[in-house]
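J.: Everything in the sequence shown is counted per the numbering used here, starting at 142 for the first residue and increasing by one.
There may be inaccurate statements among the hints.
With a straight-line cut-off of 25 Å between C-alpha atoms, the simulated DMTMM-like cross-links for lysine to aspartate or glutamate are [stated by the list, open to error]:
1. Lys174 x Asp145
2. Lys164 x Asp190
3. Lys194 x Asp145
4. Lys179 x Glu193
5. Lys183 x Asp168
6. Lys148 x Glu160
7. Lys144 x Asp190
8. Lys148 x Glu172
9. Lys159 x Asp145
10. Lys197 x Glu160
11. Lys196 x Glu160
12. Lys183 x Glu193
13. Lys144 x Glu178
14. Lys144 x Glu160
15. Lys179 x Asp168
16. Lys152 x Glu172
17. Lys196 x Asp168
These are computed hints drawn from the structure, not numbers from a lab. Fair warning: this is a prediction, and the values are worked out from it, not measured in the lab.
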Amino acid sequence: MNKDQIKGRMKTSTGAAKEVAGKILGDSQQESKWNLEKNLGKAQSVYGDFKEKMKK
Numbered sequence: 142m143n144k145d146q147i148k149g150r151m152k153t154s155t156g157a158a159k160e161v162a163g164k165i166l167g168d169s170q171q172e173s174k175w176n177l178e179k180n181l182g183k184a185q186s187v188y189g190d191f192k193e194k195m196k197k
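Using the sequences and the hints given, assemble the complete structure.
T.: Below, the structure is given as structure tokens:
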């Protein structure tokens with residue numbers, strides 16, 4: 142596992158948790174912001190997966 146995979150998965154999980162908090166609090170602006178972070182984390186994780194495949 143490389144650093145992009147780890148960082149991406151961390152961003153995804155924290156973004157998802159904060160997105161839920163935004164929903165609970167009814168703050169659509171925060172919800173959107175954390176949804177974006179969640180999706181950026183997914184992209185970074187996929188990039189890390191790609192790097193791992195290219196090593197092999």
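J.: Can the restraint linking Lys183 and Glu193 be considered satisfied, given a maximum Cα separation of 25 Å?
T.: holds, 15 Å
J.: Is Lys179 within 25 Å of Asp168, Cα to Cα?
T.: holds, 16 Å
J.: Given the hinted pair Lys164 and Asp190, is their alpha-carbon gap at most 25 Å?
T.: violated, 30 Å
J.: What's the verdict on Lys196 and Glu160, does the C-alpha distance respect the 25 Å limit or exceed it?
T.: Given that 25 Å is the threshold and the Cα spacing comes to 34 Å, the pair is violated.
J.: Taken at face value, is the distance from the CA of Glu193 to the CA of Lys179 at most 25 Å?
T.: The hint holds at about 21 Å.
J.: With a cut-off of 25 Å on the C-alpha distance, tell me whether Lys197 and Glu160 pass.
T.: Measuring from Cα to Cα gives roughly 36 Å; hence the hint is violated.
J.: Lys148 and Glu160: Cα distance at most 25 Å?
T.: Judged against 25 Å, a Cα distance of about 18 Å means the pair holds.
J.: Do the alpha carbons of Lys152 and Glu172 lie within 25 Å of each other, as the hint requires?
T.: holds, 14 Å
J.: Quick one, are Lys159 and Asp145 close enough, alpha carbons at most 25 Å?
T.: Holds - the C-alpha atoms of Asp145 and Lys159 are around 21 Å apart, at most 25 Å.
J.: Compare the distance between the alpha carbons of Lys144 and Asp190 with 25 Å, and conclude whether the hinted pair is satisfied.
T.: holds, 10 Å
J.: What's the verdict on Lys194 and Asp145, does the C-alpha distance respect the 25 Å limit or exceed it?
T.: With Cα atoms ~13 Å apart, Lys194 and Asp145 stay inside 25 Å; holds.
J.: Taken at face value, is the distance from the CA of Asp168 to the CA of Lys196 at most 25 Å?
T.: The given pair, whose Cα atoms are some 42 Å apart, is violated under the 25 Å limit.
Hints 2, 10, 11, 17, counting from the list given before, are not met by this structure.
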